[in-house]
Amino acid sequence: MIFGKSKATDEVPLGLALTLEEITNRYRKREAIRFESRVYTYQELDEEANRVAGGLASLGIGKGDRVAMMLPNIPEFVFSFFGIQKLGAIAVPFNTMYKGREISFILKDSGAKAIICLSNFSNLIQEIQSDCPELKHVIVTGQRTFVFVEPDGTVNVQMVFEKSRFPEPSDAFHTIGGALVSAFKELGVKDAWYSHQGAIRSSGKKLATILLSEIENLYVCNIMTWLQQMDTAPLFKVLYVPPEIKERALEPMTSIKAETGQDVSLDGFKDVLVRRIGAALGIEFEAGKLTRDEVIAYEKNRALSARI
Amino acid sequence: MATKETWRLIYNPEGDVADVVAYGASVAEGRIAGKYQLSTTMVPDTLIIQRSRERGIIAGADVGVEKDLAAAQKITVARLARQGRNGAKAVGTIQLNELTSKATSKFKAVDVDPDEPAVLIYTSGTTGNPKGAMVTHRNFHFQCSTIVQSLLEFTHEDRVVGVLPLYHIYGLANAMVVTVHYGACLVLMPQYSPQSLLETIEKHQASMMPAIPSMYQLLLGLARIKSRQVRIPTCLKHCMSGGAPLPLAVLKDFSEIFDTKIMEGYGLTESTSSVCANGVDGVFKEGSIGRPGKGVEMKIVDDQGKEVPDGTEGEILIRSTTIFKGYWNNPAATKAVLSADGWFSTGDLGHRDADGFYFITDRKKDIIISHGYNISPREVEEVLAEHPKVSEAAVVSLVGPKGDETVTAFVVPKYSGVNGATGAADEAPTHRELHEYCELHLAPYKRPRSYVIVDALPKSATGKVLRKELRGDAEDRRLIERSAP
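Just so you know, the sequences run in chain order G and H.
Under our numbering, the first residue of the first sequence carries the number 40, and numbering increases by one thereafter.
Under our numbering, the first residue of the second sequence carries the number 201, and numbering increases by one thereafter.
Where chain G lies over chain H, by a calculated footprint (3+ residues, C-beta under 8 Å):
| # | stretch |
| --- | --- |
| 1 | 337-345 |
| 2 | 358-367 |
The calculated PhoX-like cross-link candidates involving lysine-lysine, where the alpha carbons are at most 25 Å apart (straight line), are:
| # | chain 1 | residue 1 | chain 2 | residue 2 |
| --- | --- | --- | --- | --- |
| 3 | G | K285 | H | K267 |
| 4 | H | K668 | G | K244 |
| 5 | G | K328 | H | K204 |
| 6 | G | K276 | H | K664 |
| 7 | H | K274 | G | K285 |
| 8 | G | K328 | G | K202 |
| 9 | H | K506 | H | K565 |
| 10 | H | K668 | G | K147 |
| 11 | G | K147 | H | K535 |
| 12 | H | K403 | H | K461 |
| 13 | H | K437 | G | K68 |
| 14 | G | K285 | H | K664 |
| 15 | G | K285 | H | K614 |
| 16 | H | K302 | G | K102 |
| 17 | H | K668 | G | K285 |
| 18 | G | K102 | H | K306 |
| 19 | G | K339 | H | K267 |
| 20 | G | K276 | H | K426 |
| 21 | G | K147 | H | K525 |
| 22 | G | K339 | H | K289 |
| 23 | H | K437 | H | K452 |
| 24 | H | K426 | H | K267 |
| 25 | H | K564 | H | K668 |
| 26 | G | K202 | H | K289 |
| 27 | G | K102 | H | K308 |
| 28 | G | K68 | H | K306 |
| 29 | H | K267 | G | K276 |
| 30 | G | K202 | H | K204 |
| 31 | G | K68 | H | K308 |
| 32 | H | K589 | G | K285 |
| 33 | G | K309 | G | K296 |
| 34 | H | K646 | H | K668 |
| 35 | G | K339 | H | K274 |
| 36 | G | K102 | H | K525 |
| 37 | G | K276 | H | K274 |
| 38 | H | K614 | G | K276 |
| 39 | H | K289 | G | K175 |
| 40 | G | K68 | H | K403 |
Keep in mind that the hints were calculated from the coordinates and are not lab data.
Note that beta-carbon positions come from the ideal geometry of N, C-alpha and C, so glycine has one too.
With the rest of the complex left out, here is chain G (with noise of 0.2 Å):
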């Protein structure tokens, strides 16, 4: 007998949503999902995707909208998932290592709305969405940023500035990515492009990635390009990536030397920076170093970095 090897449960009804709702009500005690040492009950999944479907609602999503989820296992997965299903919404999920052109693809020919994605996606999502006219939120979520740092190839660079410099977030991206298209031509790299919000790209390749951060009054700006390609054998012995898809789990980078075949040094990358950046916000640089009380916000951030 090859049939009914389930005890039939008793009729669930039809709808993803209305499933869930009806599971809910029977075992609204009982575990939903266990993750890491967190256990969530129907009764907290139920009540979590009620919240999502609510959040999205006040964006103006509804019945029928797109809304892409690029997200891995968590548990924010499965609130989104039933949250979109709540509103009569239509979930997109898809590939968390897809990049670039894989990603606009699927949001224009959506016409997502709205995108739930990690924080550390929103960089690869901000460089392609004016490409996408439809998609007016990027909702993030974890605080799952992955950062390698490699002595030859790195370069991070950071500012801080008031926000009240630039009228809108958008002049900011402009200015600093204007720069560094500068730099980087100086420096050799002929076809270096300001590509949107959040990258330069040479050869189609990310040169160096713009980050935009906010914080109260200021504006704190990531950025990190490269002198040469990093060795990342090492990183991939820390971080299992099945070997079939190592190609994939890192975006294509380049690098100043794969670009121009020079090796720069950092002194000199550093003097081309300064002057370019000085030129776009028409100020003036003085060497400096950190205050009294900054070092001692500094030794505090040290210390807390160091814990795992």
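Since chain G is already given, all that's left is putting chain H on it; use the hints.
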């Protein structure tokens, strides 16, 4: 003459990973303190340029990094402090927890037409852009209430391992939606490694696991290598394998060592995942995808769409309530695969035996036509995979600059772990050895003309070989090119 505004430049060329995190944070904190006049000196706008003299990972609060592995690679991990609601956030984004904290926990689901799409899942074809498969509420409901129910003993007591990515139909339907349908518990794994999977099964005493062949293979390898150090979980009641064929040896050994049953399923995004399964009630036929589940019709047809007798190869067609509604905004593509009377053309070639078991022989589009002969890459791959030095192989036709086609085999050498700590693969087979092996087992026109030894084959999230990447004719869609001015 107006003097230019002066920013502070902090240059730290010999710092470490913690500096990369701490400098920016301390300057931001200093400025915010200045705003509230807690500090006596106003901190100027600042540019910081840094290089870390050590390799490092900057990790957000939710990222798990194995400390010992990092230390072994001389990689320092700098942890970002958890950002509260008032912490820094990327401009132009909305925090999900901020959005949901303003919303009420009460919300009654709106009425939906069960035949409207619940999800769009984009699938990549052999050519062209991906297509958004519309999977409806009714599709999911039938998958859970009828097909799964006919194949497995699923109850609300079950704990299901959520290791397959939920963005894929296999994980979405057969891990997440089915769990909720039966009121069971989903054990989520945000990041897969064989070790963490083994630990998760044991820690949470999982009873069901949908997975892909490579996961079973690696778990088995781990269980063998570490049988003295780790506990082999025996809590799994049922396992499902899909996405790619599961070698019989793996199925047998895994079932024995983990004291479980494995069922091999077959399905596509367009059929809301599994429609048939091999191994139901312990009836297993090697190399088969099994028999259709309840409420599923399957048939084999020739090029004219006429059903062929058992044992004859043709295309596999499926009709079931789980067959999707069509491709989003793409009626032409929908019409090409979905007939007016509901039959879905899978694009898979195969046959049925007298007992009603189905066998897949190849993908229709992968068939290589060389000098007028049809070559099934899968047949050649199976021969190569039996070579003692070969783990797996993929065969494609490479087109040379003059348009000449060469049947080429990409071969992954076997990895048995004999090289211990170095982690290196075993000795790779030579081209001559491979050729001689094919001479013994394959007709002349089927033998590959060239061999390429590779570390791994490019694969999709569920372990399907991405042939177009091997052919090298896939455009790299990860790139962003500047559009013409």
